[in-house]
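Could you fit the two chains together into a complex? Lean on the hints.
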Amino acid sequence: DTGVSQDPRHKITKRGQNVTFRCDPISEHNRLYWYRQTLGQGPEFLTYFQNEAQLEKSRLLSDRFSAERPKGSFSTLEIQRTEQGDSAMYLCASSFGGAKNIQYFGAGTRLSVL
Amino acid sequence: TQLLEQSPQFLSIQEGENLTVYCNSSSVFSSLQWYRQEPGEGPVLLVTVVTGGEVKKLKRLTFQFGDARKDSSLHITAAQPGDTGLYLCAGPSGTYKYIFGTGTRLKVLA
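Sequence order for the protein chains is A and B. Quick note, the first sequence lines up with residues 1 to 114 if you use the working numbering. Quick note, the second sequence lines up with residues 115 to 224 if you use the working numbering.
Please note: incorrect hints may appear among the correct ones.
To be verified - Result set (SDA-like, lysine to any residue): computed pairs, CA atoms no more than 25 Å apart in a straight line:
1) B:Lys211 to A:Phe65
2) B:Lys170 to B:Thr198
3) B:Lys184 to A:Ile102
4) B:Lys173 to B:Thr198
5) A:Lys100 to B:Val169
6) A:Lys100 to B:Gly180
Since the hints were derived computationally from the structure, they do not count as laboratory data.
Excised from the complex, chain B in its bound form (with noise of 0.2 Å):
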């Protein structure tokens, strides 16, 4: 059974600091998608990253897929309140069906 597990799980900031979040499984993925989710609402697709070792980078935000395609990062620059959110990360199991992970629940403070 494929599983994603994100670390950490809750994390606390002050606005202005960086950090980073992780997606990992002992398993390969063709690909992984980020999504933020904010309350009351669905997910978000952020990126989705398809070769091993690729980088992408959306603003302030910078996602790196492992070589061996089986983790993750995603790394926040100078975080703001408004990225205050649930990052998921997710990834294809089979044909059809999609797995999530587990989730990093970030709250940025002014």
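Just chain A, same shape as in the assembly (with noise of 0.2 Å):
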């Protein structure tokens, strides 16, 4: 297994697009989170997936945002109407839960939006 992976690793836009991200998760793993990380800070939290039920979602993401994760495998995040304020790391974590519940991400989408 080669771990999380996430595409694209760079996204430019110009203000007003319309981006999707890509997250495959490690296979057997049944959880899957996005975060969002500016510069400086630490990742945060925007939602939760247990196989394909989006269980929580943040109430900081607007309306723009919207992710799915059909059949339970891969998941997307789609930004609408991109705005500069979406600049950001987009990251995606999976895991198996248990007590624990070890998180592993991937390397992460950069987006700039123009």
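Next up, the structure:
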């Protein structure tokens, strides 16, 4: 297993465009998380999936953000009508649950909105 | 709202020195995790502490969970340049959500 992979690694877009990121979790992991990280800060929780069900979504997440995890495998995060404030690193993590719920992170997608 | 505050925010030390970074909250956590993140990469889990007062060692790194489970510390003995990175603490908030601290950026100079 190669770990959590995210695509693309970098995305540059113009304000107002839509962007979509993909996350492929570790295959046997049923839990999947999306986080956003800005420079010099810790990751900020965006949303959580258990299998294909989206069980929690941050109240800070605007309606322009949507995430899916069809069939409980890979996940996509879409941002519509991007704004400059959306520029950040978007991280995906997966886990198998359990008492310690160890999250394995991907390398992230760095989004720059011009 | 649960918050995790880390201090110091930045730390630059010489190789061989010892250091301690702190993770504090006014809330009780069922567990806390410590991660290290290098530029351009995602965070990598170092340790999870679960029991109040627990001490865990990982080579030159010593992690402690406060008795009241509101704070944690990470002590590095004889720091090496390979220890350079962003150190993050994190804990569960509610059923599914995790919150991360503000991070301590460590630079170890050779």
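Check: If you draw a straight line from the CA of Lys173 (chain B) to the CA of Thr198 (chain B), is it 25 Å or shorter?
Finding: Distance ~16 Å between Lys173 (chain B) and Thr198 (chain B) Cα, so the pair holds.
Hint consistency between Lys170 (chain B) and Thr198 (chain B) [alpha-carbon to alpha-carbon, up to 25 Å]: 20 Å, holds
Note to self: So if I understand the rule, the pair passes when the alpha-carbon distance is 25 Å or less; does Lys184 (chain B) with Ile102 (chain A) pass?
What the structure shows: The hint holds at about 20 Å.
Given the hint that Lys211 (chain B) pairs with Phe65 (chain A), does the C-alpha gap stay at or below 25 Å?
Holds, at about 17 Å.
task: Measure nothing beyond the straight line between the CA atoms of Lys100 (chain A) and Val169 (chain B); if it is 25 Å or shorter, mark the hint as holding.
output: Holds. Lys100 (chain A) to Val169 (chain B) sits at ~16 Å (cutoff 25 Å).
Restraint check for Lys100 (chain A) with Gly180 (chain B), where alpha carbons must lie at most 25 Å apart
Given pair Lys100 (chain A), Gly180 (chain B) holds - Cα atoms ~18 Å apart, limit 25 Å.
Of the hints listed earlier, there is not a single one the structure fails to meet.
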